[in-house]
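Undergrad: Protein chains in written order, with our numbering: chain W, 1 to 364; chain F, 365 to 642.
There is no bait here: all hints are sound.
Among the chain W residues that face chain F by a calculated CB cut under 8 angstroms, a handful are: (1) Ala17; (2) Val193; (3) Trp198; (4) Leu208; (5) Ala252; (6) Ala329; (7) Ala338.
Between beta-carbon pairs, the in silico distance windows are: (8) F:Asp531 to W:Ala26: 31 to 37 angstroms; (9) W:Ile76 to F:Arg556: 57 to 63 angstroms; (10) F:Ala473 to W:Leu281: 33 to 39 angstroms.
Hints in this document: simulated from the structure, not taken from any laboratory. Here the structure is a predicted model, which means the values were calculated and not measured. All residues carry an ideal CB built from backbone N, CA and C; glycine is no exception.
For reference, the chains in residue letters:
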Amino acid sequence: MVNAHRKRPSLGQVQAAWVLMLPFLAVYGLFLVYPFFRGIWISLHDWNLLAVAFNPEAKEFVGVDNYVRVMWGRNIVWGPLASPVLQAAGIFGLGLAILLRRMNQVSRSTAIAIGLAALLLLVLPGFHPGEGGRWYDRRFWPTVGNTLVFVALTVPGVTITALILAAALARETRAMAVLRTLFFLSQVLSVTVVTLIWQIMFSPRQGLIANVTQLFGGTPINWLTDEQFAMAAIVIATIWWSLGIAMILFLAGLQDISKDLYEAAALDHATGARAFWHITLPNLQRTITLVIILQIILHFQVFGQSHLMTQGGPNDETQVLVRYIYQTAFRDSELGRASAMAVFLFVIMGAFSTLQFLAGREKD
Amino acid sequence: MALRGYAWLVVALSIPAFVWLVPTIWMVSLSFQPNEVLARTTSSTALGLVPVPFTAQNYADLFAFGQTPWWFMNSVIVALGMTLGVLAVSTTAGYALARLDFPYKGPIAVLCLIGLMVPEQAVFIPLYTMFADFGWHNSYHALILPRMAVPIGVFLMMQFFRAIPKDIEEAARLDGVGWLQIFWYVMLPLARPAMMTLAILTFLYAWNDYLWPLVSAQQREYFTITLGLASIQSNFAQSEGLGRVMASGVIASLPVVLLFLIFQRYVVQAMTAGGSKG
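Extracted from the complex, chain W is given alone in its bound form (with noise of 0.2 angstroms):
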């Protein structure tokens, strides 16, 4: 027996492949190209959860119906100056990204990405319901509009307030080794538990904010619950989760600049800020794209802030694109028009993963 077993010819190169990939080829076949493409022929369909649950003959094919009842509307034109003041954002950045990339100031992907962004922003704001005309659903369009304040506010806050730090903290020391695991800690914690700390901090009656406050004798802001303030509640909180993340990939491409660069400055006095301005940010360029499309890849997808702090409110003010999807189908059942969303999602974040795959393939 021994014998035979140690005789035994052992597997050609192929068949050993074919034995390694299978487990993983397997799962990932199962649990997300398999789900992937039902999740596109889900949206085709009129797809209540309940409905279907108990009797899977209950679903009917609409075809696109579902996207257009999602994006559009009656009587939807297109005018130039529907929203005049994001229009013209639109076209200033259009401008800015060529412009910059003549100027030879950003790679090509960074002046594709603000280009598109800014293409976007001249565009999907000039539709809007002519006379007599309504959106199919009326919550859509301000949840993504919601989305994108949130990106919006929260992406810049990060990035600068990263780099910032990154550019102070990178000296090889203890003490600021320490100070890095202090700002860094704050990221490993769940969703559920930064919620749980802030909705304490922003209480207006328990809230450490509000304490603070009243201590200078100011009056307590009703973060969560004001029009005004809860999606900066929102933001202040993600910012102080996520800033970890930002700050140690801006560690790691600061280790990646040479020292004889910021030398050659010294004697130009050029230090602090001025070599700051002059060397480190240029030489920093493709991990500030990276960082940046990063962040929006991961706040665009924003859920457990919004749902666990503000339920989306007050009055829709907090409601993000994910949140949506999650109640359009676990709330409401609707299966199909939430699947539809979800496409939507996809194709968005498609566009930024393919930029961040490219910015990471370039080099500069």
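Add chain F to chain W, keeping to what the hints say.
TA: Just chain F now, with coordinates in the frame of chain W:
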């Protein structure tokens, strides 16, 4: 002069670092204060940042009543199960893609790369219906399996195996050692640091994941601690008392914080890898 500048920098950075830490300190401090006091005021001593009056009753209560210890165990089971599962499928597939030649290898690698772009939020609805069809919801495997399909681990391991010199393998091949044996006895021991990074990345993800447990585990017996904490925070003041909810938060954070403090280098590596590649 240079040293003085440095000392000033440390002092100047200590202030924002402390501010950054305040919310966490406050959670810990509140968890050690009596609920009767917290019902009146959360700023007894030093704005509540120091737990005076002090009590450990919240923790005692937590283990005596309530489901927190149970949820904690669920999280341990799910996180360890997911970590082992991800390691198993990622090391094997990563090695095959990095070092072995087989038909359709290129297309398969591309297919995996595309999978990195699919966010959890884009597949959680179809996954929900599939698991419902199988009758799998409210089980540990329902919480574990979907993450095993995420190809990030395969890419981390593939990159690692690619960087190992080929001579080691070739020497073993000349001695007539089979491919699977080479993988098991030669490559896996070499891959320990990469496996550690992947294990920590997966463990953190498993411990902190919220959306999928929220839709899959509807029975409280199958809540993870992250999900359980969400379920008690909406009406914390009335039901359990602020101190006890905060104690739950501390317990829920303890494993990941300890993991971070002990394996800081790996955690940073893991989050960087996870962050920059999906």
